[in-house]
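Here the protein sequences line up with chains A and B, keeping their order.
Counting with the working numbering, you get residues 228 to 560 for the letters of the first sequence.
Counting with the working numbering, you get residues 6 to 276 for the letters of the second sequence.
By construction, these hints were calculated from the structure, which means they are not laboratory data.
A portion of the hints provided could be inaccurate.
Here are the in silico distance ranges between beta carbons for each label pair [unchecked claim]:
no. : chain 1 : residue 1 : chain 2 : residue 2 : range
1   : A       : Glu-346   : B       : Arg-94    : 49 to 55 Å
2   : A       : Glu-346   : B       : Leu-254   : 54 to 60 Å
3   : B       : Asp-140   : A       : Glu-346   : 58 to 64 Å
4   : B       : Leu-152   : A       : Arg-443   : 26 to 32 Å
5   : A       : Thr-428   : B       : Ser-187   : 52 to 58 Å
6   : A       : Gly-320   : B       : Lys-186   : 29 to 35 Å
7   : A       : Ala-289   : B       : Lys-186   : 41 to 47 Å
DSSO-like mimics (lysine-lysine), calculated; alpha carbons at most 30 Å apart, straight line [what the hints assert, rightly or not]:
no. : chain 1 : residue 1 : chain 2 : residue 2
8   : B       : Lys-143   : B       : Lys-44
9   : A       : Lys-371   : A       : Lys-392
10  : A       : Lys-392   : A       : Lys-230
11  : B       : Lys-44    : A       : Lys-414
12  : B       : Lys-186   : B       : Lys-228
13  : B       : Lys-228   : B       : Lys-44
14  : A       : Lys-414   : A       : Lys-392
15  : B       : Lys-44    : A       : Lys-474
16  : B       : Lys-143   : B       : Lys-186
17  : B       : Lys-228   : A       : Lys-474
18  : B       : Lys-228   : A       : Lys-414
Reference listing, derived: stretches of chain A covered by chain B, where coverage requires no fewer than 3 residues with Cβ under 8 Å from a Cβ of chain B [stated by the list, open to error]:
no. : region
19  : 286–300
20  : 328–335
21  : 403–417
Backbone N, C-alpha and C fix where the C-beta goes; we use that ideal spot for every residue, glycine too.
Here are the chains, one letter per residue:
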Amino acid sequence: MTKREVTIVGAGIFGLWQAYTLARAGYAVRLLEESREPFARASSQWAGAMIAPECEAEGAPAIVRDLGREGLRIWREQYPHAINNGTLVVAHGRDAGDLTRFANMTERHLAVGAAHIEELEPALAGRFERGLYFESESHVDARKALGWLLEQVRESGAEIHLGTKWRGGSHDIAIDCRGMGAQSDLKSLRGVRGERVLIQTGDISLARPVRLLHPRQPIYVVPQGDGRFVIGASVIEREDDGPMTLKSALDLLGSAYALHPAFGEASVLETSAGVRPSFPDNVPRILVEQAGGTVLRVNGAYRHGFLLAPVLARIVEQYLSDGRREGALFSSP
Amino acid sequence: MNIRDKKLHGAKDLCIYGEAVASRLLLGTAGYPSPAILKEAVTASAANIVTVSLRREAAGGRLGDRFLEIIRDLGVRVLPNTAGCRTARDAITTAQMARELFGTDWIKLEVIANDDTLQPDVFGLVEAAGALVRDGFKVLPYTTEDLSVAERLQRAGCDVIMPWGAPIGSGRGLANATALKSLRAYFPDATLIIDAGIGAPSHAALAMELGYDAVLLNTAVAKAADPVRMAEAFAAAVRAGSIGFEAGLIPSRDMAVPSTPVAGTPFFDLE
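Please model the entire structure based on the sequences and the hints provided.
Structural data, given as structure tokens:
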């Protein structure tokens, strides 16, 4: 029996999970990526890569949390390098109200006091009186995870064409995972700028992502191994991916310093900005177009690419196998 | 003139630089969970005017085209603001950029003294207001409850004065209601809008009961657990406070006043 052929366009987090999932399901996968270097233009390379469905519920609709819980489960099952230490959310005393709000907007957390915070993150001893511990969450190293997925796709025998532009048409099934690259085909897709900093220091270690709430500049600090930390991320309604602004650098680095002064002596390895492809409700979509062949446009990751990519891939696989359109993701954005 | 003539109480339709505005609630557009929810909230609030911050979202005039489209599609008047500007010069430049981008000469003028307290820099504010009025702008300055500053803003050509209720985003309501009352009494004819610090619908209702012309808020709706329902609540509160003011509130007093006259009450405990 010949394998069903499918062309996947775009090797960011959505395209890679799609390729990985369909290759494992027995499809003949062809993966096209416009850039010659893997991930060179993927906004997902800059992600904090927290697999945090509970924390994200603070600002995201319930569907993101619910699908995200499945995403978390799939990451933990499939990806061998997930770090499953949960998430710690803290706020300075004067922002205690923000912590209460965060607790009200989310589930599956444990209110922790100074002693428990110290036990979880000894480096933060004495710095915070109150926090929230989300035990069930995970995080990954974004580039390592992207690399692992690409390697898995390659090993599955899929064709991988880097530096290849998609010319549309002529495929039986094409899955368009181009993110912002698909903007001209998706009228309501907009870009939301995000900026982050990568720093390195041996002076402090954290076991899990720490989110510091702040009314103006909430940040997360995600430990990435080797003393590296990703500090992110701004959310700005702007579509340019030009270099980080001084104000954003001040805000992000200032907040990290407020989390712990030991970050003051860290080396700034990299500052970067990307644009998150987003639909008006910040919920991703799977849009089916029949024109000759079938084109599925899987897009709108917003800030939930890592969280939701495995689930979207699974739902697309389901659709290809029996035509079932699961959930609200097939609706027009 | 009858005691029930609403003009007697100073009530008048909301008028901003000669234009009648139906809703007395003005809404900010920052910090919503998504543009889709922003859109629903604006509809639920029945606001006719929304503010849009230019400084950060559009540094160099690069506000996301699609986001701009969403704002324009709201079908309400856009009042650009100079949020985040630290100097008069900065605010003036931002205002000029906003005029280009939105095609309006209305500007909500913010000059911020301190990034932490977000307190208005009233000196820079008066300076920028004067310069912008001379440049043809219709300026809506965000200020404190200080009388003499309001006077200078008026002298600089501002028809509308927007004192804070409390610091931006603090949700503390009308922190100095006494001074806000004096301000209202001192400027009976100016359009006065409470801007910032509102946390609950009751705060907005109180502002209207004090005789303010309108209320401008953002965070209380954007960061509510359900922004759309909260927008609806604020619309109702502003309307209630406004009708209450027009209807003429009774004066408060220290002693009880029985609502049923005591004289002539039959005795029930004579057995």
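Are 3 or more residues of the region 403–417 of chain A near chain B, judged by a Cβ distance of less than 8 Å?
holds (count 3)
Does the Cβ pair A:Gly-320, B:Lys-186 satisfy 29 to 35 Å?
Given about 33 Å between the Cβ atoms, the range holds.
Has the given pair, B:Lys-228 with A:Lys-474, been kept, meaning a C-alpha gap of at most 30 Å?
Status holds; Cα separation ~23 Å.
Cβ-Cβ distance between A:Thr-428 and B:Ser-187: within 52 to 58 Å?
Hint holds: Cβ distance 54 Å, inside 52 to 58 Å.
Please check whether B:Asp-140 and A:Glu-346 have a Cβ separation lying inside 58 to 64 Å.
Holds: the Cβ-Cβ distance is about 60 Å, inside 58 to 64 Å.
Mind checking the alpha carbons of A:Lys-392 and A:Lys-230 for me, to see if they're no more than 30 Å apart?
Holds: A:Lys-392 and A:Lys-230 sit about 24 Å apart, inside 30 Å.
Starting from A:Lys-371, check that the Cα of A:Lys-392 is at most 30 Å away, please.
holds, 25 Å
Check whether the Cα positions of B:Lys-186 and B:Lys-228 lie no farther apart than 30 Å.
holds, 28 Å
Has the given pair, B:Lys-143 with B:Lys-44, been kept, meaning a C-alpha gap of at most 30 Å?
Status holds; Cα separation ~26 Å.
Is the Cα-Cα distance between B:Lys-228 and A:Lys-414 30 Å or less?
With Cα atoms ~28 Å apart, B:Lys-228 and A:Lys-414 stay inside 30 Å; holds.
Hey, B:Lys-44 versus A:Lys-414, does the alpha-carbon distance stay inside 30 Å?
Roughly 17 Å separates the two Cα atoms, so the pair holds.
For A:Ala-289 and B:Lys-186, compare the CB-CB distance with the range 41 to 47 Å and indicate the outcome.
holds, 44 Å
Hint violations for this structure: none, all hints satisfied.
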